[in-house]
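Visitor: Below, each chain spelled out in residue letters.
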Amino acid sequence: MKTARNVYVIGPHFAKHCKMVLLVTAIVAGSLFIEALAGWYYTGTGTEQRSAVYLFVTPICYFIAAMGVTWLGWYGVRLAGGIKSLVQLLKTNNSPNIKPTGNAIINELGDAINEHFGDSSICVAELEKQIRDLQIKIQVSQKREKNAEAIIYSIRDAVIVTDEFDKLLMANEAAGKLFNFDIKSSQHKPVGEFINAGENKFVDFLRQSRQGKVQHKRLEIDFSIDDGLKTFDCIVSCVYDENEKVCGVVAVLHDITREKEISKMKTDFVSQVSHELKTPLASINAYSEMLLDGEVKDNQTRKEFYSVIQAQAKRLNQLIEDILNISRIESGLIQVKKKPISLTILIEEQLQMIRGQAQEKNIEITSQKPIVFDQVYVDSDMISRVIVNLLSNAIKYTPSGGSIKIETEVDEIARLARVTVTDTGVGIPESELQHVFDKFYRVSTNEAQAKGTGLGLNLVKQIIEKVHNGRLFVTSQVGVGSTFGFELPLATAEVLETV
Amino acid sequence: MANRRVLVVDDEIHIVHVVAIKLRNNGYEVISAENGAEAFKMACEEKPDIIVTDFQMPVMTGLQLVEKLRKCEQTKDIPVIMLTARGFAVENEAKEKLQISEFLSKPFSPKDLLRSIEDALYQRALINNEA
Numbered sequence: 051m052k053t054a055r056n057v058y059v060i061g062p063h064f065a066k067h068c069k070m071v072l073l074v075t076a077i078v079a080g081s082l083f084i085e086a087l088a089g090w091y092y093t094g095t096g097t098e099q100r101s102a103v104y105l106f107v108t109p110i111c112y113f114i115a116a117m118g119v120t121w122l123g124w125y126g127v128r129l130a131g132g133i134k135s136l137v138q139l140l141k142t143n144n145s146p147n148i149k150p151t152g153n154a155i156i157n158e159l160g161d162a163i164n165e166h167f168g169d170s171s172i173c174v175a176e177l178e179k180q181i182r183d184l185q186i187k188i189q190v191s192q193k194r195e196k197n198a199e200a201i202i203y204s205i206r207d208a209v210i211v212t213d214e215f216d217k218l219l220m221a222n223e224a225a226g227k228l229f230n231f232d233i234k235s236s237q238h239k240p241v242g243e244f245i246n247a248g249e250n251k252f253v254d255f256l257r258q259s260r261q262g263k264v265q266h267k268r269l270e271i272d273f274s275i276d277d278g279l280k281t282f283d284c285i286v287s288c289v290y291d292e293n294e295k296v297c298g299v300v301a302v303l304h305d306i307t308r309e310k311e312i313s314k315m316k317t318d319f320v321s322q323v324s325h326e327l328k329t330p331l332a333s334i335n336a337y338s339e340m341l342l343d344g345e346v347k348d349n350q351t352r353k354e355f356y357s358v359i360q361a362q363a364k365r366l367n368q369l370i371e372d373i374l375n376i377s378r379i380e381s382g383l384i385q386v387k388k389k390p391i392s393l394t395i396l397i398e399e400q401l402q403m404i405r406g407q408a409q410e411k412n413i414e415i416t417s418q419k420p421i422v423f424d425q426v427y428v429d430s431d432m433i434s435r436v437i438v439n440l441l442s443n444a445i446k447y448t449p450s451g452g453s454i455k456i457e458t459e460v461d462e463i464a465r466l467a468r469v470t471v472t473d474t475g476v477g478i479p480e481s482e483l484q485h486v487f488d489k490f491y492r493v494s495t496n497e498a499q500a501k502g503t504g505l506g507l508n509l510v511k512q513i514i515e516k517v518h519n520g521r522l523f524v525t526s527q528v529g530v531g532s533t534f535g536f537e538l539p540l541a542t543a544e545v546l547e548t549v
Numbered sequence: 018m019a020n021r022r023v024l025v026v027d028d029e030i031h032i033v034h035v036v037a038i039k040l041r042n043n044g045y046e047v048i049s050a051e052n053g054a055e056a057f058k059m060a061c062e063e064k065p066d067i068i069v070t071d072f073q074m075p076v077m078t079g080l081q082l083v084e085k086l087r088k089c090e091q092t093k094d095i096p097v098i099m100l101t102a103r104g105f106a107v108e109n110e111a112k113e114k115l116q117i118s119e120f121l122s123k124p125f126s127p128k129d130l131l132r133s134i135e136d137a138l139y140q141r142a143l144i145n146n147e148a
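Chains as they are written, first to last, in my numbering: chain A, 51 to 549; chain B, 18 to 148.
This is chain B alone, in the form it adopts within the complex:
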């Protein structure tokens, strides 16, 4: 089975770096972007299995990115995990509406992130099998 591809989106280069190392150590292929606009372009081109994105980013925020992903036929089913440093009041609403698999608040544990990615991919696999 080919390595699962994860798109990591964050304007904090250190976060992208550490997440990439954690995921690569666990057999994932990692691609990265610094903002939502760049990430959307990459999602369309590289078709990642899952996207891990920061909530607050320049140019295009994480929520704007997911809204755009859900409207695009190619990317509408890609699971998304969102990292946020804010107390996120609309979390549940956005989670439901934009089908965000998980919200992880910063500071986060790379182990928890890996577990969330695995869970989200498993859920996606179940849905695909049922379909």
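Excised from the complex, chain A in its bound form:
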């Protein structure tokens, strides 16, 4: 940038013309002076002498003076004309390009002005460039600001930015939705005015964080939203200015309701598993201690103790197997060996194995086979497990003398096979039906009826729905009986051809 500006040196023409004007003026003045002296000197002298003065000196002096005055007048008029045209040019044009006028001084003045305006036009160009740079910078800055806003708006977590007076500077849509306030109209208003969820815990936390000047602060806060309690992990970070003073805070609120639920479910699951594992262990431990301590005298009781220990060990093993299988299916680690097989064959195999149990309780089992092709593409071990589980549950909860019916239907239109197991058992209250497939859930009124881990039906659900994309269903009426069933897609022609 140019700082020293427009120092013009008087040009050679200007100096020459000054000298010229001075010289002419001096000559005119000199001539008039000589004429005056001559007039004064020859006053009263002889006629010849005076005539000689008037004849030679006076005309010469007057001639020189007249010539000088004429030249000065001509020069003055020319100068005035030049100045006038310059003034007109300057008035009409910010950056005149003054052409030579013939007058050396005017030309020189014109050159100076041209030079001046030449410098000015450079300055103007520079300023214009700076303005353009600034405009670009402003545009970039505005774009950055918009980008930052867009980023904050796109964050799923609620984000609230406040200034050093706890007034709202910025908030995203998630925050507006969470605390039910209008983002635009709430700008520059104290946050306490429009946020009152969580009994002002959040607003207090913002204020404390700002006053405490700690870089980050974290707090879990419960908010009542849509008639439900939701837990948020609030992280408040202080914003510092160039003087290291806190000029506001940024609060990010992350919904951790689901995480909390999962964590609680995990804790409950571990607690439930430990309870379920410890129950058979307690029997094994107590019975073996009694045997070791010689508390059992007769052989018959001793034998009975051994069989209890064995049965409880089996129960423990079954429980561990069930937990592992559910876990494997849930995590997708289980190896599934699918092949096309008839459901009727699988059902008949399981019926053979379980009929003995039913006969012990004097329960009649009948089966109805479909008249059409019922091949499904399944892991036969897993589906056998499902069938035996549903049948053994039916036997467990059906009183002696009752009956169980297992039916297979084929829906050609929907391309699926449906198996139902209907018993004349104790039934399940309607309020508990939705929970029967939950892990460790046992129908409270039926718990005394039979022992169980509460994992069997959950495993059935995982096998049918997760592994085979089927559907599991239940209907029940207390005192009348229950129907548990599942639907599986029929094996497709392509699958059958590949075998």
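Accuracy of the hints is not assured; some may be wrong.
Said to hold, decoys possible - Only pairs whose alpha carbons sit at most 16 Å apart, straight line, appear in this in silico EDC-like list of lysine to aspartate or glutamate:
| hint | chain 1 | residue 1 | chain 2 | residue 2 |
| --- | --- | --- | --- | --- |
| 1 | A | K328 | B | E29 |
| 2 | A | K328 | B | D28 |
| 3 | B | K128 | A | D343 |
Since the hints were derived computationally from the structure, they do not count as laboratory data. Note that the structure is predicted; figures quoted are calculated from it, not measured.
Guided by the hints, dock chain B onto chain A, whose structure is given.
Guide: Chain B only, in chain A's frame:
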């Protein structure tokens, strides 16, 4: 001196069976129940000297049983030993509030249970003598 009567409450029949044998071998009379509701009825009718109950049972849990026992004039002073298979967080609070003599966690040793029963009965006898 008449045999001390113990009410054993557990929905696990094997546990009731083994505890009963241990106690009978040591001169106790044993009565049993499968859940809290049945146990409360039995406690009122049979007036046992001590109750051994499981924590988690259908119909009425062990804690609900003890709460009910403590509210009833006939049963409020009966010592209770609780068996639990859970990591029991409120153990101390419940122990104090419901005057539970001992918490034994499953798997438990029948010998330890017998010792706890004897201790609880001894404590009860001391209190009765002082009274």
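Visitor: Please write out, lowest number first, the hints stated earlier that are contradicted by the structure.
Guide: Structure breaks no hint.
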